[in-house]
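K.L.:
Sequence:
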Amino acid sequence: MKRYIEENNDRILDELFSLLRIPSISAVPEHREDMYACARRLRDLLIAAGAETASVMDTSGNPVVYGCRMVNPSLKTVLVYGHYDVQPPEPLDRWNSDPFEPEIHDGAIWCRGANDDKGQLFMHIKAFEYLYRNNLLHHNVKFLFEGEEEIGSPSLPEFIRSNRDLLKADVCLVSDTTMISDKVPSINCGMRGLAYLEIKVTGPNKDLHSGHYGGAVANPINVLCGMISSLVDGDGRITVPGFYDRVVELDSEERAMLARAPFDMDEYKDFLGIREVRGESGYTTLERTGIRPSLDVCGIWGGYTGTGAKTVLPSEAYAKVSMRLVPDQRSEEITEMFAEHIRRIAPACVRVEVTPCEGGDGFLIPISSDAYRAASRAMAEVYGMEPVPSRGGGSIAILAEIQKELGIDPLLMGFGLERDTIHSPNESFLLSQFRAGMESIALFYKYY
26 MKRYIEENND
36 RILDELFSLL
46 RIPSISAVPE
56 HREDMYACAR
66 RLRDLLIAAG
76 AETASVMDTS
86 GNPVVYGCRM
96 VNPSLKTVLV
106 YGHYDVQPPE
116 PLDRWNSDPF
126 EPEIHDGAIW
136 CRGANDDKGQ
146 LFMHIKAFEY
156 LYRNNLLHHN
166 VKFLFEGEEE
176 IGSPSLPEFI
186 RSNRDLLKAD
196 VCLVSDTTMI
206 SDKVPSINCG
216 MRGLAYLEIK
226 VTGPNKDLHS
236 GHYGGAVANP
246 INVLCGMISS
256 LVDGDGRITV
266 PGFYDRVVEL
276 DSEERAMLAR
286 APFDMDEYKD
296 FLGIREVRGE
306 SGYTTLERTG
316 IRPSLDVCGI
326 WGGYTGTGAK
336 TVLPSEAYAK
346 VSMRLVPDQR
356 SEEITEMFAE
366 HIRRIAPACV
376 RVEVTPCEGG
386 DGFLIPISSD
396 AYRAASRAMA
406 EVYGMEPVPS
416 RGGGSIAILA
426 EIQKELGIDP
436 LLMGFGLERD
446 TIHSPNESFL
456 LSQFRAGMES
466 IALFYKYY
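Take the sequence shown: its position 367, counting from 1, is numbered 392 in our numbering, and each next residue is one higher.
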């Protein structure tokens with residue numbers, strides 16, 4: 026594979042760049058046509074790589090790209106999942122280059138989607154291409170690329186339920202995560218779930234003069250801030266009643282296994298520009314982001330935020346709250362639990378509405394499976410050391426649905442790094458990781 030990459034380097038990058046240039050931003054309705062353009066480009070790349078069929082399939086939202094190469098029904102079938110939608114690039118003034126014009130410098134590809142997830146899903150297309158063109162493909166391979174992962178995959182569950190036979194496979198192979206470092210590879214054996222909601226607090230029926238009414242009428246922003254501040258206690262524990270009922274405590278052996286991952290606290294703080302870390306008492310930083318749930322305010326607004334002063338007591342205030350959930354916690358259950366708690370603690374001087382935005386359950390996979398062992402062996406061959414099992418702190422909501430509906434485990438062979446700043450300005454993907462990913466994926470098929 027290494028020689029194939031070297032001989033086809035320019036073509037591989039040109040094809041990837043053709044994807045990266047398409048602003049397939051699922052969160053912005055004005056980019057609807059870009060979603061179709063990106064889906065069509067992926068379809069064409071799959072056909073060129075060796076898929077016997079590939080098509081753009083409509084859903085109730087953005088289209089799905091499905092491709093397939095059936096070698097022999099008696100062989101194992103690998104379902105490759107990825108997403109072609111990307112996060113909005115804002116704030117644009119923080120980018121050092123055009124977010125949708127890929128550049129190569131400092132040993133990396135710089136562009137929105139370079140890592141998350143166009144660059145990583147593209148590794149699978151090229152590994153498949155290499156195996157097919159060199160008569161090394163001894164598996165059936167199916168591709169499922171969606172355009173809504175960044176907004177919670179609202180249309181994909183129904184698509185999966187309606188196409189179980191089409192998507193039938195033995196394992197779901199995914200590259201949409203990070204590893205510990207390019208020197209210490211890792212494989213995610215689980216990811217957290219998500220419950221994401223919006224809170225609206227309404228006080229008076231219109232904005233009021235803060236001099237005439239301040240101190241006499243409840244300010245929705247003040248009330249909202251007070252409610253939010255009560256959601257996490259001084260020990261970093263979430264105060265919503267029942268929130269921890271399904272949280273499973275890992276035993277000392279399991280925690281010791283996760284602690285194998287190297288971690289430099291000073292380097293961590295320096296990278297983030299912070300002086301101290303903070304979180305739930307009794308747990309390490311890696312445990313707080315992998316095996317424990319969390320609650321964070323992702324946005325808060327209300328009143329006047331323009332230039333200068335406007336002495337207004339606002340009528341409304343809003344906040345968006347994200348809760349990362351561990352396996353066994355159920356997103357729908359936590360969402361309702363949270364909504365009930367917010368309504369219960371709201372004072373009578375305001376009205377509160379809670380609107381669910383998106384969510385999904387977390388999952389775990391066994392590290393004793395044939396697929397995990399094959400991935401571990403492949404990555405060990407490429408990186409020169411056995412990968413460490415880890416827990417992903419983020420969420421890919423649809424993977425729990427795939428696990429449930431198709432009865433197969435997702436295997437997360439991610440090659441991103443924290444330095445890649447996905448979802449932020451100046452997203453990038455190291456060329457060395459891009460190439461190591463293609464090599465590792467090709468070797469996975471050899472050992473699975």
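Honestly, I wouldn't trust all of these hints.
[Said to hold, decoys possible] Within a straight-line C-alpha distance of at most 35 angstroms, the following computed DSBU-like cross-link-like pairs (lysine-lysine) qualify:
hint, residue 1, residue 2
1, Lys-335, Lys-193
2, Lys-345, Lys-335
3, Lys-27, Lys-231
4, Lys-193, Lys-471
5, Lys-193, Lys-294
6, Lys-429, Lys-231
7, Lys-471, Lys-27
8, Lys-471, Lys-345
9, Lys-345, Lys-294
10, Lys-101, Lys-27
11, Lys-429, Lys-471
12, Lys-208, Lys-294
13, Lys-335, Lys-101
14, Lys-27, Lys-225
15, Lys-231, Lys-101
16, Lys-231, Lys-335
17, Lys-225, Lys-429
18, Lys-208, Lys-471
19, Lys-101, Lys-225
20, Lys-429, Lys-345
21, Lys-345, Lys-101
22, Lys-231, Lys-345
[Said to hold, decoys possible] Ranges of calculated distance between the beta carbons of each label pair, as one might list FRET restraints:
hint, residue 1, residue 2, range
23, Gly-132, Gly-236, 54 to 62 angstroms
24, Ser-394, Pro-287, 33 to 41 angstroms
25, Cys-323, Met-282, 18 to 26 angstroms
26, Val-96, Arg-189, 16 to 24 angstroms
27, Asp-39, Gly-132, 32 to 40 angstroms
28, Ala-243, Pro-391, 51 to 59 angstroms
29, Thr-310, Val-272, 17 to 25 angstroms
Hint data in this document are derived by calculation from the structure and do not stem from the laboratory.
Don't be surprised by glycine CBs; every beta carbon is placed ideally from N, CA and C.
K.L.:
For a C-alpha distance cap of 35 angstroms, please report whether Lys-429 and Lys-345 respect it.
P.N.:
28 angstroms, holds
K.L.:
Taken at face value, is the distance from the CA of Lys-231 to the CA of Lys-429 at most 35 angstroms?
P.N.:
Status violated; Cα separation ~47 angstroms.
K.L.:
Cβ-Cβ distance between Ser-394 and Pro-287: within 33 to 41 angstroms?
P.N.:
Violated - the Cβ-Cβ distance for Ser-394 and Pro-287, about 25 angstroms, lies outside 33 to 41 angstroms.
K.L.:
Is it true that the CA of Lys-471 sits at most 35 angstroms from the CA of Lys-27?
P.N.:
Holds, at about 15 angstroms.
K.L.:
Do the Cβ positions of Cys-323 and Met-282 conform to the proposed distance bound of 18 to 26 angstroms?
P.N.:
Cβ of Cys-323 to Cβ of Met-282: about 31 angstroms, so the range 18 to 26 angstroms is violated.
K.L.:
Going straight from one Cα to the other, do Lys-471 and Lys-345 come out at no more than 35 angstroms?
P.N.:
45 angstroms, violated
K.L.:
Is Lys-345 within 35 angstroms of Lys-101, Cα to Cα?
P.N.:
Answer violated: Lys-345 to Lys-101 is near 43 angstroms, above 35 angstroms.
K.L.:
Going straight from one Cα to the other, do Lys-101 and Lys-225 come out at no more than 35 angstroms?
P.N.:
50 angstroms, violated
K.L.:
With respect to the beta-carbon atoms only, verify the hint that Gly-132 and Gly-236 lie 54 to 62 angstroms apart.
P.N.:
Because 58 angstroms falls inside the window, the suggested range holds.
K.L.:
Quick one, are Lys-27 and Lys-231 close enough, alpha carbons at most 35 angstroms?
P.N.:
65 angstroms, violated
K.L.:
Would the pair Lys-208 and Lys-294 pass a check requiring their Cα atoms to be no farther apart than 35 angstroms?
P.N.:
20 angstroms, holds
K.L.:
Does the structure keep Lys-345 and Lys-335 at a Cα separation of 35 angstroms or less?
P.N.:
24 angstroms, holds
Taken one by one, the earlier hints fail for this structure at numbers 1, 3, 5, 6, 8, 13, 14, 15, 19, 21, 24, 25 and 27, listed in ascending order.
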